[in-house]
Amino acid sequence: MAKIGFIGTGIMGHPMALNLQKAGHSLFLSAHHDAAPADLIAGGAVALANPKEVAQEAEVIIIMVPDTPQVDDVLFRADGVAAGVGKGKIVIDMSSISPTATKAFAAKVNEKGAQYLDAPVSGGEVGAKAATLSIMVGGDADAFERALPLFQAMGKNITLVGGNGDGQTAKVANQIIVALNIQAVAEALLFAAKNGADPAKVREALMGGFASSKILEVHGERMIKGTFDPGFRISLHQKDLNLALQGAKELNINLPNTANAQQVFSTCAAIGGSNWDHSALIKGLEHMANFSIRDK
Numbered sequence: 682m683a684k685i686g687f688i689g690t691g692i693m694g695h696p697m698a699l700n701l702q703k704a705g706h707s708l709f710l711s712a713h714h715d716a717a718p719a720d721l722i723a724g725g726a727v728a729l730a731n732p733k734e735v736a737q738e739a740e741v742i743i744i745m746v747p748d749t750p751q752v753d754d755v756l757f758r759a760d761g762v763a764a765g766v767g768k769g770k771i772v773i774d775m776s777s778i779s780p781t782a783t784k785a786f787a788a789k790v791n792e793k794g795a796q797y798l799d800a801p802v803s804g805g806e807v808g809a810k811a812a813t814l815s816i817m818v819g820g821d822a823d824a825f826e827r828a829l830p831l832f833q834a835m836g837k838n839i840t841l842v843g844g845n846g847d848g849q850t851a852k853v854a855n856q857i858i859v860a861l862n863i864q865a866v867a868e869a870l871l872f873a874a875k876n877g878a879d880p881a882k883v884r885e886a887l888m889g890g891f892a893s894s895k896i897l898e899v900h901g902e903r904m905i906k907g908t909f910d911p912g913f914r915i916s917l918h919q920k921d922l923n924l925a926l927q928g929a930k931e932l933n934i935n936l937p938n939t940a941n942a943q944q945v946f947s948t949c950a951a952i953g954g955s956n957w958d959h960s961a962l963i964k965g966l967e968h969m970a971n972f973s974i975r976d977k
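When we follow my numbering, the leftmost residue of the sequence shown carries the number 682, and every step to the right adds one.
These aren't lab readings, by the way, just hints derived from the structure by calculation.
Take the hints with a grain of salt, since some may be wrong.
Derived pair list, reagent style DSS-like, types lysine-lysine, alpha-carbon separation capped at 27 Å [unchecked claim]:
| id | residue 1 | residue 2 |
| --- | --- | --- |
| 1 | LYS810 | LYS793 |
| 2 | LYS930 | LYS789 |
| 3 | LYS895 | LYS837 |
| 4 | LYS733 | LYS768 |
| 5 | LYS784 | LYS684 |
| 6 | LYS810 | LYS895 |
| 7 | LYS930 | LYS784 |
| 8 | LYS906 | LYS930 |
| 9 | LYS768 | LYS793 |
All chains, please: the whole structure from these sequences, using the hints.
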């Protein structure tokens with residue numbers, strides 16, 4: 682059983698930390714931003730004042746925060762993780778952030794004698810609670826092998842993609858695919874409903890054919906019922922697509938459909954939907970069409 686520092690116990694991080702605790706690992710939490718969750722403390726977790734203290738106490742430090750600037754802050758603030766790590770420790774960033782920044786973060790942590798893994802996840806809040814996340818890892822193979830039992834307590838599909846930054850690159854690719862699939866389902870259901878068909882029946886029919894997908898199953902149902910409480914917020918998916926589009930610019934490639942999906946997410950944000958679940962992309966299309974598939 683490992684001594685684990687876990688920084689970032691939000692929608693995703695809280696159930697991930699809880700699953701590590703259920704697996705018998707000891708948790709150390711930082712209270713520098715928010716108070717440590719009461720259920721984790723009740724289960725034996727120890728709350729410390731800042732990330733430095735967490736890194737000093739733990740063998741493995743896991744970070745799960747929203748974006749690149751927050752990871753930078755947790756790592757390199759005056760009382761950050763980097764001030765408390767040393768030889769033999771592993772820092773694992775499970776946030777979804779810039780692959781380029783990740784490589785720089787890893788190099789700075791390595792200078793402290795610690796190892797660094799980027800290990801973003803896919804599966805949303807449902808996967809985090811069920812410990813069925815897909816985990817895409819970048820870093821050294823020996824650090825990956827040491828961390829594997831921890832990943833297995835949080836996920837099912839765990840892949841060492843390559844070196845530092847490659848896990849984040851895989852996650853950006855994942856978010857491109859998810860966004861375009863959500864848009865495809867949304868456009869199909871909007872087309873069907875506007876044409877007079879029952880979108881719920883259309884979805885049922887499509888689930889039995891080649892168009893079937895997890896997005897059609899889960900998010901298609903959300904679209905039909907109008908249940909858009911997050912899972913995964915539109916604002917976070919916008920952040921991930923920004924990473925994709927910035928990376929495309931750096932690589933001199935064109936991602937036209939990714940750019941289009943980002944524009945529809947921007948429409949959702951403009952009508953007050955930044956905190957809707959990303960399945961609410963359909964509401965951006967509905968806004969442009971002046972038609973709702975639920976108003977029948």
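Now for the hints, and whether the structure bears them out:
1. LYS810 <-> LYS793: Violated, at roughly 33 Å.
2. LYS930 <-> LYS789: 26 Å, holds
3. LYS895 <-> LYS837: OK: LYS895 and LYS837 at ~16 Å, within 27 Å.
4. LYS733 <-> LYS768: Between LYS733 and LYS768 the Cα gap is close to 15 Å, so the pair holds against 27 Å.
5. LYS784 <-> LYS684: 25 Å, holds
6. LYS810 <-> LYS895: 18 Å, holds
7. LYS930 <-> LYS784: Holds, at about 18 Å.
8. LYS906 <-> LYS930: 38 Å, violated
9. LYS768 <-> LYS793: 7 Å, holds
The structure does not agree with the numbered hints 1, 8 stated previously, though it agrees with the rest.
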